[in-house]
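S.K.: So the sequence lines, in the order shown, correspond to chains A and B. Using the numbering used here, the letters of the first sequence correspond one by one to residues 1 to 112. Using the numbering used here, the letters of the second sequence correspond one by one to residues 1001 to 1112.
The set of hints was computed from the structure by calculation and includes no laboratory data. Backbone N, C-alpha and C fix where the C-beta goes; we use that ideal spot for every residue, glycine too. The reader is advised that the hints may include incorrect statements.
What the hints assert, rightly or not - Derived DSSO-like pairs: lysine-lysine, alpha-carbon spacing no greater than 27 Å straight-line:
1. B:Lys1013 - A:Lys104
2. A:Lys70 - B:Lys1013
3. A:Lys104 - A:Lys56
4. A:Lys56 - A:Lys70
5. A:Lys42 - A:Lys104
6. A:Lys104 - A:Lys2
What the hints assert, rightly or not - If you want a taste of the chain A side facing chain B, the calculated C-beta under 8 Å gives, among others:
7. Ala29
8. Leu47
9. Ala93
10. Gly105
11. Leu109
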Amino acid sequence: QKEVEQDPGPLSVPEGAIVSLNCTYSNSAFQYFMWYRQYSRKGPELLMYTYSSGNKEDGRFTAQVDKSSKYISLFIRDSQPSDSATYLCAMSAVSGYSTLTFGKGTMLLVSP
Amino acid sequence: ETGVTQSPTHLIKTRGQQVTLRCSSQSGHNTVSWYQQALGQGPQFIFQYYREEENGRGNFPPRFSGLQFPNYSSELNVNALELDDSALYLCASSLKGYYGYTFGSGTRLTVV
């Protein structure tokens, strides 16, 4: 079993839809949870960062962490065609200098 | 504030050859990490450098080596290239003790 599992998709939705992206993990030492967005031929860009369990909201994006279930989610409201990208979840046990463990990424396609 | 710059953007090498990839960190960042991203996969941690010393290493063989320079720029060297080394190589810089890795756009290495 991989440390971080993420459905690769693709996930196709119409513009304006609410998108739900998810990851599960097995390492209970993970405490820092991130979502990155990666456009084609680009490096990952940090979208959301959450420490431990709970919710965090930033504009149209909401990140949720449930450590008891080892499950994290990213919700995108009012999805736009410009949101079409691959979304990677990443986790680490220690802030800052620790390594990141990534999921495979979910490809999201938002059609106009 | 400049981001992370990687060079070259694309590279084609022959099996058995050696390659050097370069990375300039974001201004103010003192830690550099390298990741390998195979097609359709999430980035995999190769190693990290802090204060010019290797500070952690993933499950990669010794033919993957690196350097960090006093200006915090970095090199990734790969000897005896294999076909499976074909991937996007990502450099990420950060400030030790803080989250928020900034990734470069990567170097696409093709081994033929």
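S.K.: Given the hinted pair Lys70 (chain A) and Lys1013 (chain B), is their alpha-carbon gap at most 27 Å?
M.R.: violated, 41 Å
S.K.: Would the stated hint for Gly105 (chain A) survive a check requiring a Cβ distance to chain B of less than 8 Å?
M.R.: holds, 5 Å
S.K.: When you check the alpha-carbon spacing of Lys56 (chain A) and Lys70 (chain A), does it fall within 27 Å?
M.R.: holds, 17 Å
S.K.: Do the numbers back the hint for Leu109 (chain A), that is, is its least Cβ distance to chain B under 8 Å?
M.R.: Cβ of Leu109 (chain A) sits 15 Å from chain B, so the hint is violated.
S.K.: Compare the distance between the alpha carbons of Lys104 (chain A) and Lys2 (chain A) with 27 Å, and conclude whether the hinted pair is satisfied.
M.R.: This hinted pair holds, its Cα atoms lying about 10 Å apart.
S.K.: Tell me if Leu47 (chain A) is really an interface residue toward chain B, meaning its C-beta lies closer than 8 Å to one of theirs.
M.R.: violated, 12 Å
S.K.: For the pair we were handed, Lys104 (chain A) and Lys56 (chain A), check the Cα-Cα distance against 27 Å.
M.R.: Judged against 27 Å, a Cα distance of about 23 Å means the pair holds.
S.K.: Hinted pair, alpha-carbon criterion (27 Å max): Lys1013 (chain B), Lys104 (chain A). Please report holds or violated.
M.R.: holds, 26 Å
S.K.: Mind checking the CB of Ala29 (chain A) against every CB in chain B and telling me if the closest is under 8 Å?
M.R.: Violated, about 15 Å.
S.K.: Lys42 (chain A) and Lys104 (chain A): Cα distance at most 27 Å?
M.R.: With a Cα-Cα distance of about 16 Å, the restraint between Lys42 (chain A) and Lys104 (chain A) holds, given a limit of 27 Å.
S.K.: Hint validation: Ala93 (chain A) versus chain B, beta carbon distance must be below 8 Å. Holds or violated?
M.R.: violated, 12 Å
Of the numbered hints listed earlier, those contradicted by the structure are 2, 7, 8, 9 and 11.
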